[in-house]
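In order, the protein sequences belong to chains V and E.
Per our numbering: the first sequence = residues 1 to 156.
Per our numbering: the second sequence = residues 1 to 156.
Quick caveat, the hints were computed from the structure, so don't treat them as lab data.
These numbers come from a predicted model, not from an experiment.
For each residue, glycine too, the CB sits at the ideal point set by N, CA and C.
A portion of the hints provided could be inaccurate.
[As the list claims (entries may be wrong)] Ranges between beta-carbon positions, derived for each pair:
| id | chain 1 | residue 1 | chain 2 | residue 2 | range |
| --- | --- | --- | --- | --- | --- |
| 1 | V | Glu92 | E | Glu27 | 24 to 34 Å |
| 2 | V | Ser119 | E | Glu49 | 17 to 27 Å |
| 3 | E | Ser119 | V | Asp155 | 48 to 58 Å |
| 4 | V | Glu11 | E | Ala120 | 36 to 46 Å |
| 5 | E | Arg129 | V | Leu112 | 18 to 28 Å |
| 6 | V | Leu112 | E | Gly113 | 52 to 62 Å |
| 7 | V | Glu122 | E | Lys22 | 34 to 44 Å |
| 8 | V | Leu115 | E | Ser14 | 15 to 25 Å |
| 9 | V | Val5 | E | Glu8 | 44 to 54 Å |
| 10 | V | Ala51 | E | Gly113 | 16 to 26 Å |
| 11 | E | Val104 | V | Ser119 | 22 to 32 Å |
| 12 | V | Ala51 | E | Arg152 | 40 to 50 Å |
If you want the building blocks of each chain, they are given just below.
There are 2 protein chains.
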Amino acid sequence: MSRLVYAEDYETGSVHDLGSHKVTAEEITAFGRTYDPQPYHLDENAGKESAFGGLIASGWNTAAIWMRLYVTTLLPDAAAEGTVEGSPGVDEVRFLHPVRPGDVLHGTAEILGSLPSLSAPEFRIVRNRGHLVNAGGTQVLTLVLNARFRSRPKDS
Amino acid sequence: MSRLVYAEDYETGSVHDLGSHKVTAEEITAFGRTYDPQPYHLDENAGKESAFGGLIASGWNTAAIWMRLYVTTLLPDAAAEGTVEGSPGVDEVRFLHPVRPGDVLHGTAEILGSLPSLSAPEFRIVRNRGHLVNAGGTQVLTLVLNARFRSRPKDS
Chain V
1 MSRLVYAEDY ETGSVHDLGS HKVTAEEITA FGRTYDPQPY HLDENAGKES
51 AFGGLIASGW NTAAIWMRLY VTTLLPDAAA EGTVEGSPGV DEVRFLHPVR
101 PGDVLHGTAE ILGSLPSLSA PEFRIVRNRG HLVNAGGTQV LTLVLNARFR
151 SRPKDS
Chain E
1 MSRLVYAEDY ETGSVHDLGS HKVTAEEITA FGRTYDPQPY HLDENAGKES
51 AFGGLIASGW NTAAIWMRLY VTTLLPDAAA EGTVEGSPGV DEVRFLHPVR
101 PGDVLHGTAE ILGSLPSLSA PEFRIVRNRG HLVNAGGTQV LTLVLNARFR
151 SRPKDS
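Okay, chain V solo, but in the shape it has when bound (with noise of 0.2 Å):
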């Protein structure tokens, strides 16, 4: 893969790889007492009492998963560059499916588009689509997420 640098370098339709992440009982609980004490979050048998039966984590532990592949992977040699002002935010986040100990989750991201920065003539908004599939093929998490890009100089 090229270096992704500026905004114009992610090319819309393209599909990034972001590698892989295994989930452990530990980083369920962990991630549940912090951000998100249900019982099915914190234990495995409270998890056996629950729809789910057995331990899951947290939506937003599977979100926050995605983030980290996303950012080791495709953020460092990038422009991402934030601003006081704000962050255009995340949408869409659907959890499609549990996620449990062991599970082996595969990232990518789908670039659906760029828009210009309403605020900031210099950067661009472009528009990930995330997802996270488990080593059975099942869809476990969408959502897209709007990241700010500087754009290419006009000298470069």
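We have chain V already, so just place chain E on it with the hints.
For chain E alone, coordinates are given in the frame of chain V:
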């Protein structure tokens, strides 16, 4: 506040106080290392060199803080129930202002309305607009959480 047990108890337009949470540098960097390792989520000095001028929380960390306040305040009495067929998820997550160490964030949940579940007639999807505001009165986060609650049984 009376006990909120069934979908019908969440009155459209009502606003529920979720209490407050004080953010620490340790929380910001722990979340950043694990889920969003961009320099300004990891280290005060790296933050100083960024547009943010210091360490700031990952937007996912801020959203998860809202979730913790929501779960611990509103859900203990509620009939929120997950399903292995997936969760209706989250929309319109907006990171409006940087969250820094020492910020005290106050949460609310505003009930936007509810819709019948398409997959299970005994459930409704309650749409909540979540807000987090810092001690200076600045909104730092908004989101829309779609939560699945059991409808009040006809005989109760």
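Right, here's what the structure says about each hint:
no.: 1; hint: V:Glu92 / E:Glu27: 24 to 34 Å; verdict: 27 Å, holds
no.: 2; hint: V:Ser119 / E:Glu49: 17 to 27 Å; verdict: 22 Å, holds
no.: 3; hint: E:Ser119 / V:Asp155: 48 to 58 Å; verdict: 55 Å, holds
no.: 4; hint: V:Glu11 / E:Ala120: 36 to 46 Å; verdict: 41 Å, holds
no.: 5; hint: E:Arg129 / V:Leu112: 18 to 28 Å; verdict: 25 Å, holds
no.: 6; hint: V:Leu112 / E:Gly113: 52 to 62 Å; verdict: 28 Å, violated
no.: 7; hint: V:Glu122 / E:Lys22: 34 to 44 Å; verdict: 36 Å, holds
no.: 8; hint: V:Leu115 / E:Ser14: 15 to 25 Å; verdict: 35 Å, violated
no.: 9; hint: V:Val5 / E:Glu8: 44 to 54 Å; verdict: 53 Å, holds
no.: 10; hint: V:Ala51 / E:Gly113: 16 to 26 Å; verdict: 24 Å, holds
no.: 11; hint: E:Val104 / V:Ser119: 22 to 32 Å; verdict: 27 Å, holds
no.: 12; hint: V:Ala51 / E:Arg152: 40 to 50 Å; verdict: 19 Å, violated
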